[in-house]
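Assemble the complex: chain A is given as a structure, and chain B must be docked to it using the hints.
Protein chains: 2
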Amino acid sequence: MTDSYELYYWPMLPGRGEFVRLVLEEAGVPYRDVARLPEAEGGGVQALMPFIRGERPGLPPYAPPILVHGDLVLAQTAAICAYLGERHGLTPDDPEKRMQVLQLQLTVADVTDEAHDTHHPVSVVLYYEDQKEAAREAARQFLDQRLPRFLPYFERVVERNGGPWLMGDALSYADLSLFQLLEGLAYAFPRGFAKVTESTPALVALRARVASLPRIAAYLASDRRLGFNEHGVFRRYPELDLDG
Amino acid sequence: MTDSYELYYWPMLPGRGEFVRLVLEEAGVPYRDVARLPEAEGGGVQALMPFIRGERPGLPPYAPPILVHGDLVLAQTAAICAYLGERHGLTPDDPEKRMQVLQLQLTVADVTDEAHDTHHPVSVVLYYEDQKEAAREAARQFLDQRLPRFLPYFERVVERNGGPWLMGDALSYADLSLFQLLEGLAYAFPRGFAKVTESTPALVALRARVASLPRIAAYLASDRRLGFNEHGVFRRYPELDLDG
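As given, the protein sequences belong to chains A and B, one line each in that order. Quick note on numbering: the numbering used here labels position 66 of the first sequence as 66, and the sequence is numbered without any gaps. Quick note on numbering: the numbering used here labels position 3 of the second sequence as 3, and the sequence is numbered without any gaps.
In short, the hints are calculated from the structure, not lab data. Misleading hints may appear alongside valid ones.
What the simulated footprint calls covered on chain A by chain B, stretch by stretch (three residues with Cβ under 8 Å from a Cβ of chain B suffice, anywhere in the stretch; the number is not a length) [unchecked claim]:
1. 7-18
2. 50-61
3. 88-102
4. 133-147
5. 153-167
Every residue, glycine too, gets a C-beta built ideally from N, C-alpha and C.
In isolation and in its complexed conformation, chain A is listed as follows (with noise of 0.2 Å):
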């Protein structure tokens, strides 16, 4: 099969899309951004009504992203980044690292998804106007109990495999992805966030290194790339910082 891919994602903002486009860059493979591009070319948010109608052919995704690859069509951050990562040379061959890399991807997602309910704690159904009072309360545990858990993790998994990559010598998927985690957690959570990474040298390493690898550098630098905004898992709202 050619490498010839289709991500589908909510065109405004980077959420959960821009862990596979990190895969899709450092993969250096073509890709169509579809919902990104114009409408009268097919973009916009209707090209992923389809999907999410069941219109479309193949197994079903609940949300996206989506990758399309030739008839298939996947769903699941972890499933496409493991699903890319085999195909380009961003994960092990060996099956058990191969799911190691798979478990750290995981862990990734889990912050990513604290970090999004400390803003819709109650439910992702209602506005953040509506549970702010419980999202001061969820921000304030997780930047006082569970950043301070989940970043030393990372930061020993580095120093374990003797760095400078989570899995040693071998730059895998969850680079990428733990990259993103931590970009989103300096935008929302500025203080918090310079708080807790003072005692993670190596994750502040990892974070520059992802930065400068040539193909990551040219996309940070490019249109492509989509900045935080307050639509997506990660927003700045300052009253769910840490007090300065």
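Only chain B this time, still in chain A's reference frame:
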């Protein structure tokens, strides 16, 4: 490598460890459920502590469940299920279909997380009693808005693939996890679950079909099977279910 597995999980609740147990049981392989052994034989919660404190060699797990297989230490429920599934014929060999099973497993995990978060919406580090008001609203939204989308989604997958299993005629680890999700929802929200499943006959049939698999039926009748309780993911708090 021999099929000599050790599972490490909190001994007092089924939780996410139960998704792993179901795969081990259907695979028909022997395993030691270490933390459920008597303390004199190395069991109990303290069996988990060397992993959590990072004292064990191998890739550190962030949290249980943890599978040990030879030198491999593997965490994250979906990664463990995928690993066992590949070794014991509970996922397709074809890379595309194998990733689709992972997609479905991760969607089961998403619903499981949302079910958990109904009783802990604000933070896992606070008691239920300290977030009861938010929990009532979270549970209401989960039963009104989320479950009526998630369960028909899985129904559509079974129908699309021709049934009786998620992937058609081949049982996979995702079916076993979907069974556990349905069992948990039926326990936690008897009224809400009964209402939603009126329109998902294929899921009702799949749940019964898993329960009658010979190895699973023997397991469910054994004392290895832990019942649900109010320490786990799925908790029966009547105030969180639909009104009678």
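Here's how the hints hold up against the structure:
1. Check result for the stretch 7-18 of chain A against chain B: violated, 0 residues qualifying (beta carbon to beta carbon below 8 Å, three or more required).
2. With 4 residues having a Cβ less than 8 Å from any Cβ of chain B, the stretch 50-61 of chain A passes the three-residue criterion, so the hint holds.
3. Figure legend: the stretch 88-102 of chain A, annotated as covered by chain B; annotation consistent (5 residues with Cβ-Cβ distances under 8 Å, at least 3 required).
4. With 7 residues having a beta carbon nearer than 8 Å to a beta carbon of chain B, the stretch 133-147 of chain A meets the requirement of three or more and the stated coverage holds.
5. Only when three residues or more bring their CB closer than 8 Å to a CB of chain B does the claim for the stretch 153-167 of chain A stand; here the count is 5, and the claim holds.
Taken one by one, the earlier hints fail for this structure only at number 1.
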